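Just so you know, the sequences run in chain order C and G.
The first sequence begins at 1 in this note's numbering and counts up by one.
The second sequence begins at 1001 in this note's numbering and counts up by one.
Keep in mind that the hints were calculated from the coordinates and are not lab data.
Because the structure is a prediction, the values reported are computed rather than measured.
Treat the hints with care, as some may be off.
[What the hints assert, rightly or not] Straight-line distance between alpha carbons at most 30 Å, and here's what the computed DSSO-like set of lysine-lysine pairs gives: (1) C:K76 - G:K1117; (2) C:K371 - C:K359; (3) C:K186 - G:K1015; (4) C:K371 - C:K387.
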Amino acid sequence: MAYEKILTRYRDLPNYTGTIDEYITQGGYQALPKALREFQPADLIEIVKRSGLRGRGGAGFPCGVKWGFTPKDSPKPKYLVCNCDESEPGTFKDRMLIEEEPHQLIEGLIISSYAIGCRLAFIYCRGEFVSGAQVLERALREAYGRGYLGTNILGSGFDLDVHVHRGAGAYICGEETGLLESLEGKRGQPRMKPPFPAISGLYRSPTVVNNVETLSNIPHIVLRGAEWYAGIGPPKSAGPRLFSVSGHVERPGNYELPMSITLRELIFDHAGGIPNGRRLKAVIPGGSSAPVLTEQHLDVPMDFESLAAAGSMGGSGGVIVMDDTVCMVRVGEIVSRFYHHESCGQCTQCREGTAWLHKVLRRIEHGQGRKEDLDLLLDMCDNMKGKTICVLSDAAAMPIESYLKHFREEFEIHIRERACPFEGKGAF
Amino acid sequence: MISDETRKRFDELVKRYPEKRSALIPILHEVQAEVGYLSPEAIAWVAAYLTLSPADVMSVASFYDMLHLEPVGKHMIYACHNLTCSLLGAERLIRHLEDRLGIRMGETTPDGLISLKRMECLASCGTAPAIQIDGVYYERVTPQKLDELLEKLRNGRLQGSRT
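With these hints in hand, go ahead and build the complete structure from the sequences.
Structure follows, in C-alpha cells:
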C-alpha cells in the first residue's frame, strides 16, 4: 500500500516554494486556530502524549512526556527552543524542512509554545545554515503579518514572539544543554543533569528543546488526532520519519516513511540499491554515532526498538550506506577524527579518549598498528561510555566498538600486513 | 571600527533576549563580516559593548569553527571531509582545491583572496560531496565544477553572504 506523505507532501507539488500562501492553500495554519479555540494547553500535552510522537533529533524521547515535565505554575517564564543545529553526520532532513516548508515548523512551534505556556521561543540554527536561517526569518515575518505571531494571536489572548538565532559551527551545540549555553552567549559546553532543562534550562527557567522534524509533526497531530498518528508505523515508534539516505546508493535523499520499513526496503526499493553492481558492506542506520550494521541486518525494521535490539540505534535517521570497496578502518579514522574535533573538552574521558581513538585508528590505517591496539581500542571505548557529562563520549566509542565487532579481521589484516589492503583501489 | 549603523542594529538585537549576553554570537558574526576577522581590537570592542571581559569574549570566539581569530581571505571555502562526502570523493576534491590555489587547507592565498578550511558534516550528504563558499552551498561538486566556481569567484561573479 502506498504510504501517504505527511511532512513532505509539498514535495509532490510542482513549483512549490514554501510561502505562507502556498502553505495555507495546502491546508496550513488550520491546526493553529483549532488548537487555540478547542483545546486547553493541558489537553494538547495529553494529545501529543497519546500520539506517541518521539523526538526526531536523536534520543527518541516521547515529546508529550518532555512537555509534561515543565512545571504547571512556574513563577519564571517558560521557553521553547527549536533545535535546528542539525550536525549529526549523515543527517540532512531538518535543513530540507526549514528551507522548503518553514511554515510547517513555525505552526508547530506556535502550537507547542501554547501547550507549554511559552511566550518567547527561539529557533537555534547551526551557523552553516545561512540560507536556511534567512528562509526562516522571512517566514516569521510572514507569520507576524498574518497575526499568527505577536500579541493576541487570532484573538485568543495568547502572545508569542519567535526569533532565529544562528550558532557558529560546533556539533556539541546539538546537545540540548550545550545548545542552551550557546544561546546564552557562551561556549557550547553541556551542563550536568539533573536539573533537566524542563526545570532549569534557558536563563535557568523551565525550557523545552525540540527538534525541527519533531515540531513539524505537531500541526498534523492536532488536525487529524492522536489516534490517527499513533496508527502510523509500529506502536512504540509512531508517525512518519524522515530518513536521510546517503553514500553508496543510486538515489540518495530524504525519504518519508513509517518506521515499519526495513533497512532492505529503504536501501534497495526506495534509494535504488548499490550502484556499479557493488555489494552492500556496511550501513550506519542513525547518524555516525550509531553502531554499524551489515547485510545480515537488512530485514530489521527502522523503528527505535528494533534497531536497538539489532545492536544499533535509530538516532537522527541518517542512513549512511557503504559498498564493498570501503575500508572500515578508514571509516573509523574519519568518524573518530570528527568526535575528537567536536569534543568540548570538559570531561577527561571524552577529551583524551576521542584523541587517542583517532590516533590509534590512524596508525592502524597507515600501517603502523600494533598487535595490542585492538584490545587497547576496546578498553578505551569501555572507559569512555557512561562516564561523562553528555553522551558525545559514548557516541564516539559505540561506532568504533561496532566496527571492531563486525570487521575485526579487517583491522587485523591492516596490522599484520602493515598496510591498508584497500589503498589505491577503495572508495576513498 | 564598527559603523553607527551596525551598532544601531546591535542595539535592536540585544532587545530580543532577556539577557543581553545572548546576542554575543550573532554580534561576533556581524563584526567578523565587517572587520574581516575577529582581531584583538574587534574582540575588545564587542567586550566593551556587552560589558564583558575581552578574555570572556575570546573564550567564546575560540570555541566555534566559523569564528576566525586570525586574518582570513576575502572569500572562505569550507570543504566537508566527513564520512559521506569522503565516500564520494571529498579528499580528491580537497587535493584539487589545494593544487589549484597553491595552498593547503587552513591557509589563505598570498593575495588574501581565498581561504580554505576543512569542515565537518554540512548536512548535505544527499548531494555529496559538498562545499560552502561564503555561506552558500555547492553540491555534487566535481573537480571540473570546482574550477568553474573558482573562476567565477576570482572574477567577482559568485554571490555569497559572509554572515
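Here is what the structure says about each hint:
no.	hint	in the structure
1	C:K76 - G:K1117	43 Å, violated
2	C:K371 - C:K359	15 Å, holds
3	C:K186 - G:K1015	18 Å, holds
4	C:K371 - C:K387	27 Å, holds
Checked against the numbered hints listed earlier, the structure breaks hint 1 alone; every other hint is satisfied.
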